[in-house]
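S.K.: Whenever a hint applies, use it, and build me the whole structure from the sequences.
Residue numbers (this note's numbering): 1 to 244.
Worth flagging that the hints you see were computed from the coordinates, not collected in a lab. Since the model is a prediction, treat every value here as computed from it, not as a measurement. Cβ atoms here follow ideal geometry from the backbone N, Cα and C, with glycine treated the same way. Treat the hints with care, as some may be off.
[Said to hold, decoys possible] Now the in silico label distances, taken between C-beta atoms and shown as ranges:
id, residue 1, residue 2, range
1, F96, P148, 18 to 24 Å
2, G111, T75, 15 to 21 Å
3, E126, P198, 17 to 23 Å
4, S65, G38, 18 to 24 Å
5, P148, N19, 56 to 62 Å
6, E200, V142, 25 to 31 Å
7, M46, E200, 31 to 37 Å
8, G69, V182, 23 to 29 Å
9, S35, A215, 44 to 50 Å
10, V142, E56, 53 to 59 Å
11, L41, W108, 26 to 32 Å
12, A215, L41, 42 to 48 Å
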Amino acid sequence: MKYVDPSGHCVQYGGEDGNPDELATCLDAWNALSSYYGQLLEWENMPNEYLNFLLEKASTEEIVSILNGFGIDYTIEETLTGPPRINLSLPDFDAFAFGGSGNVDLPWFIGAKSFVLGGEMVINWESSDITFFIYYGGGTTVGAGANPSGYLALIGNAPNNSAYSGPFVSVDGTGSAGPAGVVAGRAAAPQDLNPFNPPESAYSYYLGYAPGANASLTVNQTEYIPVFSMSWDRRDPFSLGLPQ
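M.R.: Okay, here's the thing in structure tokens:
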């Protein structure tokens, strides 16, 4: 104990000259990281040696940095009534998707109409489903142009992929000039269109590459149709079930 590194490791907080509040804060972060690994890998596959190493050698800030690297918004905040504590806010996304589409946006003098046709492969880590959807639709636009796009999406409120079927309203912006281009937007059920209200049904945020010639802001009504689905085992990602 005489040679404990005084730089602020979890175990050091509990030494003879340690601060029990700092120890509790550090252990809160370490427990949150352990819980994350438990949900991700299931408890029988826990990296116990690595977690024990962090408990002995890592500081609170280093553990929080690892959590933030996993996309977990974990911050240490001062409170008015007590010692520094840690607030944990886990992302509520259930699935991710990669997809592609083709868009045509007509200028105002010929109707200000938008048309889209595309497909998405949705991988759901809640239900262990993999489903390919096609979607089509149209709506209104401000701007004009045409372009293909490839994108990634994060999907929430989707305990299984069937919750992602049906009508959506997408709001996105596209800027394309030859090989350079980007598209970003949000898709939600019609009743969840207001972004300031928590969505009750499935929704997604997407960002992608969109070459072509386009500068537009569009609001499209689309219909998502599942084409085929299969299951997978989170413990063995290459163990796929038969298409359904």
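S.K.: Now tell me, hint by hint, if it's right for this structure.
M.R.: Going down the list of hints, with the structure as the test:
no., hint, verdict
1, F96 with P148: 18 to 24 Å, "holds (21 Å)"
2, G111 with T75: 15 to 21 Å, "violated (48 Å)"
3, E126 with P198: 17 to 23 Å, "holds (18 Å)"
4, S65 with G38: 18 to 24 Å, "holds (20 Å)"
5, P148 with N19: 56 to 62 Å, "holds (57 Å)"
6, E200 with V142: 25 to 31 Å, "holds (28 Å)"
7, M46 with E200: 31 to 37 Å, "holds (35 Å)"
8, G69 with V182: 23 to 29 Å, "holds (24 Å)"
9, S35 with A215: 44 to 50 Å, "holds (45 Å)"
10, V142 with E56: 53 to 59 Å, "holds (58 Å)"
11, L41 with W108: 26 to 32 Å, "violated (53 Å)"
12, A215 with L41: 42 to 48 Å, "holds (45 Å)"
Of the numbered hints given earlier, the model fails hints 2 and 11; all others are met.
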